[in-house]
Structures are given as C-alpha cells and as structure tokens.
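Listed here are the chains, written in short residue letters.
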Amino acid sequence: MPFIPHTEEDIQAMLASIGAASVEDLFDEIPAALRADRLVSVLPALNEMAAGRLMQERAEQDGRYLNFIGAGAYEHHIPAAVWQIAGRGEFYTAYTPYQAEASQGTLQLLYEFQTMMASLTGMDISNTSLYDGASGLAEAVLMAVRAHKSARRVLVPAAVHPIWRQVADALVKNQGIALVPVPYRTGGGDTVAEALKRFEGEDFAALVIQQPNFFGVLEEVDELADWAHSQGMLVIGAVNPISLGMLKAPGQWGSKGADIAVGEGQPLGAPLSSGGPYFGFLCCKQALVRQMPGRIVGRTVDMDGKPGFCLTLQAREQHIRRAKATSNICTNQGLMATAATVHLALLGLEGLERVAAACHANTRMLVEQACLIAGVERAFPHPFFHEVVITFDIPVADVLRALEAQGILGGLDLTPWYPELGNALLVCATETKTPEDIRKFLENLERIVSRRSSGTACTRLKPGATSKW
Amino acid sequence: MLIFELSRPGRKNLAQAPAAQPEANDIPAHLRRGDKPLLPEVSEMDAVRHYTRLSQKNFSIDTHFYPLGSCTMKYNPRGAHQQAMLPQFLARHPLAPEATGQGVLACLYELQEMLKDVTGMAGVSLTPMAGAQGEFAGVAMIRAYHDSRNDAARTEMLVPDAAHGTNPASAVMCGYTVREIPTDRDGNVDLEALRAAVGPQTAGLMLTNPSTLGVFEKNIREIQQIVHRAGGLSYYDGANLNAILGRVKPGDMGFDVIHVNLHKTFSTPHGGGGPGSGPVGVSERLLPFLPIPVVAFESGRYRLVTEKDLPQSIGRLSGFMGNTGILLRAYSYARILGAEGMRRVADFATLNANYLMAELGEAGFDIAFPERRASHEFIITLKGLKEQTGVSAMDVAKRLLDKGFHAPTTYFPMLVPECLLIEPTETESKQTLDAFVAALKEILDEAHASPELVKTAPHTMPVRRLDDVKAARELDLVWKKA
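Residue numbers (the numbering used here), protein chains in the order written: chain A, 112 to 580; chain B, 1457 to 1938.
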C-alpha cells in the first residue's frame, strides 16, 4: 500500500482495541446513501518509477527554449545550494512555526528574511511573505484603505502590470474598493504629473507606483511619491527585488519615502515553473505595522533570558481575530521565503549588485542592437532596467512564431494587453543570457523581420553592428 | 548567531556572481540606489553551514511524528518533489506559448479531472494558492452567482462556531457579514439555530465536514437543504477531506462549492508555512464563475481558459497559474495512489485516529466526544487535569516536544476547554502511535508527581518557553547593526 505502513497484524490489533469488526465499521456514522461506490476519473496507480517516467516524458515534451520573456517572472541563475537547503526535510516538511521552541530554524530564517527584505526596500519592517506579487498588491491596497479610513479608491497606473491589476481588482472589489486607472504618457510609457492632475483634491487612499513599470520604463518615483503625499495619499511602491541592487529603494522615494513596498519575490530563488510557487513580499513603515497582513516573526527571549524567535502580533490574524482579521491569509509561502533567504545570503551585497548590473547591461545590449534592424524601434525613449518594449512594422505574433521555431521565446506580445501600442513586444535579457544567446536572438530577429517586412526585403543589420557583439 | 553577524565587509562569493559591468550611465543618478542594503557578506560555505544548522533546529515530518489536528501532516513523498523539480518544468516561463507547455498542462488537466471525481463536482479550478484563497474563491463565486441574479439582499454568510478562522475572514474579504451558528452537544451543527438563522439575507453557509471537532456531520443533507431552501448556496470546506477521500463525495451531498487543501490531502509539503494550494470545485450552476485560468482539452490540445471563454469568472487570483509546482506534486501523488490508494487514505487515516482515541481513552484521557466515531482526528480535553494539577493543555503540548513528538493542535476548536486536537494521518505506523500514547501517559504521571516539570517544559529544545508578550510589546522584527 503506497505510503501506508500497516501490516495485517497491526490492522487486526487496532480494530480489536477500537472494538470494531472492520475498517468499514468506522464509517458507520456516514449516511449509507452518501457513501460513494467508486472513483471513475482517478487514473490507475503507478509506482514511483512509472510515475517518474511519465513525468520525465511530459517534461521532455515541453523542452527547453532560449527565453527572453520577463513580464513579471524572470529567469535567473539559482545557486545549487538554494534548493538543496530549501529541499532539506527539516524545512520542506515542517509546519507553520506555531510551536516556536520546535521551530527555531524556520523562525530565525524568517527573521533574517524580514531583515533582508526591509533593508532591500528601505522600509522599517517586512512580513514573512504572501502568495505572490499580484495578490500582494491587493493586500497592499487593503492595507492602505484600512490606514486611510475614509477613501475606498486607489490610483493604479495603466503602466502597472496588467495581470496584477486584474488580480488586485478581483481580490478587493467585493469590499467596495475601486482601483482607478491613471493613463500612461503616450510615447513615453511613464506615469506623469499631467495625468495625475485631474485627481487632485479627490479622496484616494493611495497611489501605486511600479518601478520599473510593466514596460520596463523607469518612473520618476520622487515626483510621483511627493505628489501622492501632498494629496494625503499613501504611496505603494511595487518593485522588482533584483532591481533594488541598482535602483533607489522605495523607502527613499521623494522626501518621505513610500509607505508600503510590495513585489514579486520570484527573482530571488524561485524557478519559473510555469507560474509558481513564487512569493510576494510586503514591507512597510513602522506606523503601519498593525495593518500588515500575514505572519510576522519577532525576536524575544526565553524563560532563561536566551534570545529566540516567535510569531508575533498574531492578534491581527484570522486564527485569533476571525471575521475582524486584517486578512484571511493563513499561510505565507514559507518554503519560497526560505529559498529567497538562502539565495540572498549566497549572492550577498556584491552579488545582487552584479546581477542587477548584468541584467541591465544585457538588455541594453540587446535593445541597442535590435534597434539597428530596420523596422525595429524602441517604443519609449526612457531609461529602463532590464526590460524594454520594442515595436515592429509586422505583427508580433508572426515574429514570435518564427523565433519559436528556432527555439527562442522572443518576449511577450503586448498586442492583447495594450493594442494602442501597435506591434509591440516586451523583451528581457537577464544575467543568464550570454553574448552568444543575444547574438542568436538578433540574427534570427533580423532575418525574420527583413523577410516579412513589406518593401524592405533587403534590410540587414547596419554596418558595424556585429562588431559590438 | 544571525547570518548578518557572520558577515565581514568585503567578503565575496563570486561563484554566484556574474561578471562586473561598467557603470550604467544611461540611468540617471536620482533613480539609482545611493545606500547599500543590509545583505550578508559571507562565503558560500558559511551560508550553507548556517542554514543547514538552522534546519536542524526544526521539527518536521521527516524527523518527527506531527499529530497536528486539521493540518494533515502526512509523509510528503520525495518522488513527487523530484518529479516537480525536473529541469524542463522548472525552466518553463508562465507566459510561454501553450504549445511549449503541453506536458505540464496535461498533468494539470488530469489533476483537475481527478479532483472533480473525488469531490463529485462539475468543474475545478486549480488557481487558488492556499486553502484561504480557495475559500475566498468559493465565497466570491457564491456572491457572483447571487449578483448575476440581481439578488442583492443576500449579505450574510453563515459559519459554524467550530470553523477555522479563515472561514469568517474569507467571507468578510468578499464583503459579507458573518453570522455564527452554534454547535450542539454531540458536535453537530445546531439545526434549530440554523433554521432560525436562514432567510432572504442568507448568501450561504460555509461548512467543514468532518468538522474540526473530528466528527462527521450526521445531518449533512438536512443542513444543506435548509440553506438551499432559503435560497443560499452551500460551501464545503475540504480541510478535512483526508477523512473521506474516495469514500464520500461532497458533490453527492448537494454542495455547490468546495475547496481542497492539496498540502493536506494530496501530501504536498507544508514548507514551514507554505506554499499551499487550494483548488476549488463547483456544481453546474457555479461553472461560469470559476476563477481563471482553467485548463481545457480540445481537439487533442491543452489550453488555458481565460476571461474570453468565461466572461462571468470571478477573475484571476494569482499572477499566472497558481502554485503550479505544487500542483505537479499533487498530480504525482495522485498517480502513485490511484483510485484504490485514495480510498485507503481515508481508511487508514480513520483507523489510526480511532485507534489512538481508543488507546488514549484507555489511558485515562478525557475524550471530548466519546460517543462518536473519530473521523481522521479527535479531541481530548485536559480540563480535569488542569483543575487537579494546574497543568494546562499548552504545558502538555510543550512537554511532548521533550519526548520527541510535535504537539497536537492546542486550544482549537475554541469550544472545547483545554483541548488537544489530534490527527495522526494514515502514514504513521502502530508503533509510532503506541509510542505517542506512552509519552502522553508519562506526561500525565509527571503532571501529578511533579507538575513544575511539565509547566516549565520544554527542557530539551534549542530554547525554552519564549516570552511572546515581550515579542509583541517590544517589537524587534528586523536586525540592526549594534
């Protein structure tokens, strides 16, 4: 019996102790009419070898591609030690650390996680993680609304990740909270003062600022944060943790700093894995600590005065407060936070800065070279971090299909999300891409674009371009 | 020792760093970081040793029996972990074309189908990332259903007082007010109170069955009919599905929506507090409202169903496709069990719980509902012990740690004073259960002979009992350089 240790002798002894004739008798309180006779769609049992073979075949069917898609989930090198440690049974199979004395490993690690995330975002405190970045944005919005007390609307620029906006809306709308869009600047891709003016004097709980924004464009975060604060709004900074090795932390935005920082933690040690598990991080200023959802670890002392760690401020949480809790969230993504902590410890300060710089340099190289191809242009002229929108004079879907045939995933087609941008592609080259990878991408792109563009059949890379690779 | 205290300025771990780059002169200075974040500067070995040592301060299923009631801490098969970590699965970008993900989508689709079967529901969405998010999805669908019928008067969600705290909290997240329904003396929902509570304001009822009291609701059909007759929908919290897996299908009981905790019933890891996974199953009438994406199989191809196909969907709950890697683990587990294996889960989880209950009753512990069968879990109450010796349920729980057992769930459900909620799961052997009974008996003796020993437990853990009042009053949530 898979995963069941009982011998026949055990079973008989146990039934005798219970005073039941058979296991069937143990279900005698369940009305007979409700007892299901059989399962029809559950597939036949396999042993581990056969299940492993099946999964291996399915994995191989999906293959490996040279990936230039980012758009909220990024391919990064994950040190081998990260998952060898996170995969240790003591972390992998532990429960939530409610029994603090038997969970000091997880608790100390999460305290270290909180310290790293708070410092990375420039905020005072961090919780121990949320489900993912998108749902994290919803929790940040709810926090801001609770803190603000009167307003039930939050400004969310159209340049914030469109899926994040959908998720946040799905999670907050039933509480009568509205996310009000702020258009991005045509031709700029950023969120600017003119677009915000129309909201001046109105009652909003917060302004969300994503840095870099969904287009990869760097927002003028100081101006935006100061504007929001001047309007009595809180500032929610949505950030990529890798970018914080290079870009100003939300805590330093404008004269007062963001009030809440939230983000997708996936770039810190979580494999892409078709979308999860990832984790969301949520950090805030000290004043908002009691509005924070999710678990928080604190350092304290034991009966002998020895330092130790335990979950704290649990009076905010559903298992104590029930209907009055700050959120219904019960879990954090503990294992992913474990991986992230080990990942950050292995990278260290220098490592994180180098990863950020390499992502930026690779994307810069890719986009500068791509724009030398006739028919390829940057959509927005602004500084970027590691993602850029480029446009074509042919449909993006055609370009992507042709690249895919060469084993390349060329980026995200923005046409369904932002049709007004025309044939726009969001492309990203992280530190995992070598100059040869980028060359392969560009050579194929050049070939595809020149072949398909009408009237530019003879287009080729401009002279001198290849020498830079 | 914290990792930050091991850190030395200038110590680098360049095996994990890409080559240094010239300064990014295209990013203006005012957008760049001026300060240095507090990250450790340690060698790779320092980090590996530090976190390996930390891991050794944890209890876990791999190291200890973990009889946490309502948490289903069963063995997490290593094979499922290995298979979900195959390099191609890990490398696949969530926004990659569906054509490049037919293998992973096949696994997800088949998991959906198997969950439909075991829950007896008409459709399943795998996207909720935890039980509580599954609850949110379920309640949001109930709300969307009433809204679609312009039935705006239904503002109240009924929740039994024995429910997990996430139930009322999830209802509030969906904009409902919560009305508690009391439990009767036998541990069932109080039918009279339920009848009195339902009305045109009732949006639905959230019911956990078997309940957190460890018993199967005898009047389950009647409860469900009372709610339906009042125009409400019924929500089945599948937290305790392990007790009835393959034996009872909530859909057969007439429920409209259920969530399943894969990290319980389908043996995916708890990971020190997550990631979980809380797929939702629905009856026919809620199919249009399922959260997206859902996996469809059409003309020999798998694809993700989006808002175009399901315009009434409650929407997206995660950035991409829920906790896909966890779903793959659950799929692998389900394949290794097969249909017979699933029924055996319920059989042996129930056998173990009833055996442990019988043995502890024999040993002199007070069983909270001695006239009832245990489902996969049961409650003992230490009220008498506390009155006699001053030793509380928490003290006993802490002393169990010294004996090499993780504590059961303490003080939940709140209805039973000084309670321990005990769930052994099917993966524990009779020998382990016997050793656990022996440990509890020893503690019972200690409580009478030397109560201070128990009251000051644990004595053998890395720390003794922690001052959680100080932790909350003098918040120390991040480390700062002295």
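A hint or two may mislead.
Facing chain B, from chain A, some residues (calculated, C-beta under 8 angstroms) [what the hints assert, rightly or not]: (1) Arg169; (2) Ala192; (3) Gly244; (4) Ala513; (5) Ala516; (6) Gln517; (7) Ile519.
Distance condition first, Cα-Cα at most 30 angstroms in a straight line; then the derived BS3-like pairs of lysine-lysine [what the hints assert, rightly or not]: (8) Lys1859/B x Lys396/A; (9) Lys1937/B x Lys367/A; (10) Lys1926/B x Lys1911/B; (11) Lys1936/B x Lys1926/B; (12) Lys1926/B x Lys308/A; (13) Lys1674/B x Lys417/A; (14) Lys396/A x Lys1926/B; (15) Lys1936/B x Lys1839/B; (16) Lys1492/B x Lys435/A; (17) Lys435/A x Lys1926/B; (18) Lys396/A x Lys417/A; (19) Lys1764/B x Lys417/A; (20) Lys1468/B x Lys1936/B; (21) Lys1839/B x Lys396/A; (22) Lys1936/B x Lys367/A.
Hint data in this document are derived by calculation from the structure and do not stem from the laboratory.
Please read all numbers here as calculations on a predicted model, not as lab measurements.
Glycine is no exception: its CB is placed at the ideal position from the N, C-alpha and C atoms.
Hints and how they fare:
{"no.": "1", "hint": "Arg169", "result": "holds (3 angstroms)"}
{"no.": "2", "hint": "Ala192", "result": "holds (5 angstroms)"}
{"no.": "3", "hint": "Gly244", "result": "holds (6 angstroms)"}
{"no.": "4", "hint": "Ala513", "result": "violated (13 angstroms)"}
{"no.": "5", "hint": "Ala516", "result": "violated (11 angstroms)"}
{"no.": "6", "hint": "Gln517", "result": "violated (13 angstroms)"}
{"no.": "7", "hint": "Ile519", "result": "violated (11 angstroms)"}
{"no.": "8", "hint": "Lys1859/B x Lys396/A", "result": "violated (42 angstroms)"}
{"no.": "9", "hint": "Lys1937/B x Lys367/A", "result": "holds (23 angstroms)"}
{"no.": "10", "hint": "Lys1926/B x Lys1911/B", "result": "holds (19 angstroms)"}
{"no.": "11", "hint": "Lys1936/B x Lys1926/B", "result": "holds (18 angstroms)"}
{"no.": "12", "hint": "Lys1926/B x Lys308/A", "result": "violated (47 angstroms)"}
{"no.": "13", "hint": "Lys1674/B x Lys417/A", "result": "violated (50 angstroms)"}
{"no.": "14", "hint": "Lys396/A x Lys1926/B", "result": "holds (21 angstroms)"}
{"no.": "15", "hint": "Lys1936/B x Lys1839/B", "result": "violated (44 angstroms)"}
{"no.": "16", "hint": "Lys1492/B x Lys435/A", "result": "violated (39 angstroms)"}
{"no.": "17", "hint": "Lys435/A x Lys1926/B", "result": "holds (24 angstroms)"}
{"no.": "18", "hint": "Lys396/A x Lys417/A", "result": "holds (28 angstroms)"}
{"no.": "19", "hint": "Lys1764/B x Lys417/A", "result": "violated (58 angstroms)"}
{"no.": "20", "hint": "Lys1468/B x Lys1936/B", "result": "holds (21 angstroms)"}
{"no.": "21", "hint": "Lys1839/B x Lys396/A", "result": "violated (43 angstroms)"}
{"no.": "22", "hint": "Lys1936/B x Lys367/A", "result": "holds (21 angstroms)"}
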